Amino acid sequence: MIRVGVDVGGTFTDIILENHDANKNEVTVTKVSSTPHDQSEGVVKGVLQVCQLAGVSPSDIDMLYHGTTVATNMVIERDGAEVGMLTTRGFRDILHMARHKRPHNFSLQYEVPWQSKPLVKRRNRIPITERLMPPTGEVETPLNEDEVRAAAELLKKRGINSIVVAFLFSFLNNDHEMRAKEIVSSIHPDAYIYTSSEVVNVIREYERFSSTAMNAYIGPKTARYLSNLENRLKKEGINSQVRIMQSNGGISTIENSSDRPIGLLLSGPAGGVIGARSTGEYNNISNIITIDIGGTSADISVIQDGNLRIKNPRDTEVASLPVLVPMLDIDAIGAGGGSIAYIDDGGAFRVGPKSAGAVPGPACYGNGGEHPTVTDAQVVLGRLDQEQFLGGDIVIKPELAEKAIKTHIADALGMSVTEAALGILKIINNNMALAINSNSVAKGIDPRGFTLMGFGGAGPLHAVALAEMISAKNIISPSQPGITAALGLLVSDLKYEYTRSVLIPLNQASDNDLAQINQIVEDLKAEADQQLDQDNVPKDKRQYEYIMECRYLGQGFELRAKMPNEPLTTKNVQVVIDNFYDVHKQQYGHAFKDQITEAITVRVVASADVEKLQLNKLEKGGSKNPEYAHLYNRDTVFDDNKAVSTPRYDRGKLKSGDTISGPAIVTQHNSTTIIPPDYTATILEVGDILIEKN
Amino acid sequence: MSYSGKDIDPITLSVVRGALETTQREMTLTLEKTARSSVFNLAHDYSTALFNSDPEMILQGQDIPIHLGSLIPAMKAVNKFFDGKIYEGDLILHNDPDYAGSHIIDTCMYYPVFFKGELVFWTVCKGHLTDIGGPVPAGYNPAATEIYAEGLRIPPIKIWDKGVPRDDILNMLFTNMRARRDQEGDFNALIGACKVGARNLTNLLEKYGKQVVLDCIDELLAMAENHMRSMIKKVPDGVYHGVATLEDAGHGFGDMDISAEVNIKGDTCHITIDSPPQVPYFINSYEGNSYSGVYLGLMMFAQLPPPYNEGLYRCITVDMGEKGTLCNAKSPAPHANCTTTPMETLTDAVRLAFEQAAPDRVSASWGHANGCNIAGWDTRHDEEYVTMVLASIISGAGATSEQDGWHAVGPECCFGALTSGDIEMLEYSYPIIIHRYSLMEDSGGAGKFRGGSGTCWEVEPLDKPMTMITFGEGRRIPAMGAGGAKSEFVEAKVGRLRITRDGKEQIIKENVIEQIMPGEKAANMNPGGGGFGNPFEREIDRVVQDARNGLVSEKGAKMDYGVVFSDFKNLQVDAAATQALRAKHA
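As they're listed, the protein sequences go chains R and E.
Numbering (the numbering used here) for the first sequence: 1 to 694.
Numbering (the numbering used here) for the second sequence: 695 to 1280.
No lab work stands behind these hints, which were simulated from the structure alone.
Be a bit skeptical, because a hint or two may be false.
EDC-like mimics (lysine to aspartate or glutamate), calculated; alpha carbons at most 16 Å apart, straight line [to be verified]:
hint, chain 1, residue 1, chain 2, residue 2
1, R, K593, E, E1185
2, E, K901, R, E468
3, E, K1024, E, E840
4, E, K1158, E, E1214
5, E, K1249, E, E1185
6, E, K1215, E, E1185
7, E, K928, R, D345
8, R, K495, R, D535
9, R, K45, R, E236
Stretches of chain E that chain R covers, calculated by requiring three or more beta carbons in the stretch to come under 8 Å of a beta carbon on chain R [said to hold, decoys possible]:
hint, segment
10, 726-734
11, 948-961
Bear in mind that the values here come from a model prediction, so they are computed numbers and not experimental data.
Ideal Cβ placement from N, Cα and C applies to all residues, glycine included.
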């Protein structure tokens, strides 16, 4: 069995290949430059390269897993399709008005993205006479089919090939949407047509319409990208199945991903969290706070009892636009190696969220970057060695880092360059720690029982400092911090989610109500089975999770409560109510026994385990500060502002059971791990490093 | 080198500041997610703030401006009332304008945070309930001539006493309110938010120690003070005047002028308000609420970066005018409408005075609120319903010297902090059908930069009559432009209520209580924002773009912008006619 994982980042495309059978178990990793104009070029190049390194033929690959930022970038850079929209008369501006709230207080000089760059321009939002009514979806005004025809003609004439059909209350009854879709497609057969009930079948028109519009906006290009990728791979003789990482941490088919590209918006960062969970599993660690630190941003997530955390619907958004699809609970903040340090107008010392990006990059890259960045601070403090930086692939110039920090920070604040550099790290670490806290402590999670796992190129540089700030139990630097996301691709499950709105108060639910809910669960499960049939997943390998999104009657927001595995009855419905109570209490610190719990949405999650990545164990060692891995010593400044002669170790030469006492620095091609004074690192079975306070 | 003169480590300062901001955000989040009424959980008509023991506001949330200015005097009034008799586990409730409340439907909770037995902070929330008792549902009674006819006045009272909830008092309060279930739910959300805030602040104190935290806070107050002083220093010394007219919204007392005098001297600013005597109609503003209006006018002009705290106002003094006037009302003046009317006109007067001082810096006025509350019987659940419809007050933003105003983010008093509810959720929650919720053509004020569009919200009751109570103004006088902007097509830019009965349309421009029957429709229309600069200098292309997007009609293009189309359908501009018409306005 040969499986390949490809994770495309802003700068590099990481590839991992696993060749595993009864006799051997080989893992090969490599990276190539990303090709932003068409990511599939880099993907194919990387796959061919990893095959060559591993000595296998590309045609022997059985499975290829891919995490992509194609859809995300399209949203951020706003270069998706020109979209047309048919919507209920009287409501053509739902997308434009959004929820009114502007992004900042007391400032008028900024853009409101949903108005300055709407997903669908007002002129292309065409009102159609029709109306459905809650709570059953009965027809109040029938669909005016002539208007639908005229709208289709008009959009066709305007050359618009991506069309949204979004009507009020279509989640209760999608007859109008489906009929309109049928008409549009008969008139405009080349168009991609997306109905809101097919894309996200839930209540709340702004979020549903906007998610559907987003799907239409990124749909055609994403579909083209995925089909390009498939063709390119075929051309190189790679006929393996291809699976795409989804925002919810599952993987899905090319076809499904092309139809619902909004499921791909966290495709990139999701791999990292899953990779982290898998690292935890190898080492019997099930409570993990993950932080994936790259050049411009840090992605934070929490794994509790080995479970990935899913964000609540309504909290899920991308580039300030709501996207109602299940996503891992990953917070991204503007903090990374490239984050710029500056003194603001009010005289405050700040770092980020602005980043020097890949170009010009940190000052020390010597590519014209003048502003001091977090990476520059690391260099000034001697924590990043010139010759070790990406194995010497990028040549860094410490004197430029020093100059930038002196000019912009140290002189202005009247402190030394070293003090300023330590300040930069302290502030950026604090920003990250606060973000970790709001994703953990604020949700009732006590970090003292959690391991902090820092990965991404810069993760292990910050991990120990962050762990100290949030009082984490200990720290893990995974064996390949720079490619944790690619590794995650090889350990993800096949996963699909199906939802439908119900709107039933549970405490007073009649047998009829419950029968209705049970029927919906059955229907959703049948949909899931249809998909799993297509994926050739045997029945006994399938797993189902039943979730009810609930709120107290009258609240505006739901939380997810687990449903029992058997059909709901007047007896076991209390289980759902109790589960909701617990979640509410954990999330907001209070909950109510005497209030009515209302079911809003039923969600069925169907998954199937895929074969898991097998990593090779390191040779057994057990030495303290092993001389065989020691490279050299160099002065390094730690947080106490003292320069200490600090040994460097070559990570590739370390053996399992080896221990290293801080201060020490462990280097490898894709990352640098810092072990400060008073900490000890232990090399684990497959090369992960556990760092603990003495 | 620090603003406060204290020895502050800049790094610790960042840490403490971040922790305070996170605390406030989590309080807001708790309110949003756990509240019960649509006014709270869909419209976010609530605010949160943190105070020190003085009590001085140390962090004002990114919430509703009209709530926040008045919280400063309100917290002080509450503190003074209890005169040191505040104990750990107390929770204080208040809404009365005699203690600097805004209007009584806005309910405030004050939670003292004790650390090692000593009062160190207050976490404070304020939220707009859906009802506060009284003769008219939802608290806006255009017929009231005294505050007693508007609902329940609550001076500062303890609803928790040393950690014990006073169920008798709470029960008395809820007994006096409609839709009790909503009110209880919203109270719980307010209490939850206060406690979440207190939990975070206690953690902060434990981690860094009281003195370090308080020093950092002093520094943040001094930093905000410095921001404001430096901004004011840049405004030339002088005395500037602004006068704004408050239209007669049906009370019969006629139009009234509110004027503001802004006196800039070095880095200080003194603002004097002059308004006519109070009237027996619900548009009087007590002093606390008027502070919000003045501060908003100031902040719209200042546009300062955070931190936002009481330090901002250290160099600002305000004389709200004689007691017993519209903007400095005394009991028993009725006041329910005060957070929008006359507040927005007061804000305009202050803004206009600043425009005299620095014409390019101001934004045009935002559309004022003219909205509605609805109430009736819900046969689906066999219970009464009552709510303010925040979606009915969504107006357009004013333009600035650099960009068009945003659509549908107003009204001015909320300055874009409001969100508005879903059509689907509203119809699910109340027995109504909404026929329209969209932008209105030609509603944005004309200008070189156009004001944002206002909105229309049209409703019909399902099966029982619905009481609709309207409030506000801005139905005759459009949002004021700035930088010489002026609209010709005024009718499209003002608010109004349109009732469709028996196939006939009736336009209403006064505040009314109307019974709307099933089969009848009521459309509440909100004004657009003011424009900035001469509209006849607006690039023709931008006028065409607006026409293409249905924001400006053929008539509007011609009247407001002097752009004449030879073929409107295909957006062909008649260049010669346009030039000739524009020349006339030059």
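How the hints compare with the structure:
1. K593/R / E1185/E: violated, 53 Å
2. K901/E / E468/R: Holds - the C-alpha atoms of E468/R and K901/E are around 13 Å apart, at most 16 Å.
3. K1024/E / E840/E: Measuring from Cα to Cα gives roughly 11 Å; hence the hint holds.
4. K1158/E / E1214/E: holds, 11 Å
5. K1249/E / E1185/E: holds, 12 Å
6. K1215/E / E1185/E: violated, 21 Å
7. K928/E / D345/R: holds, 15 Å
8. K495/R / D535/R: At roughly 11 Å apart (the allowed maximum being 16 Å), D535/R and K495/R satisfy the hint.
9. K45/R / E236/R: Holds: K45/R and E236/R sit about 10 Å apart, inside 16 Å.
10. 726-734: Result for this restraint: holds, n = 8.
11. 948-961: Since three or more residues must qualify, the claim that chain R covers the segment 948-961 of chain E is violated, with 0 doing so at under 8 Å.
Of the numbered hints listed earlier, those contradicted by the structure are 1, 6, 11.
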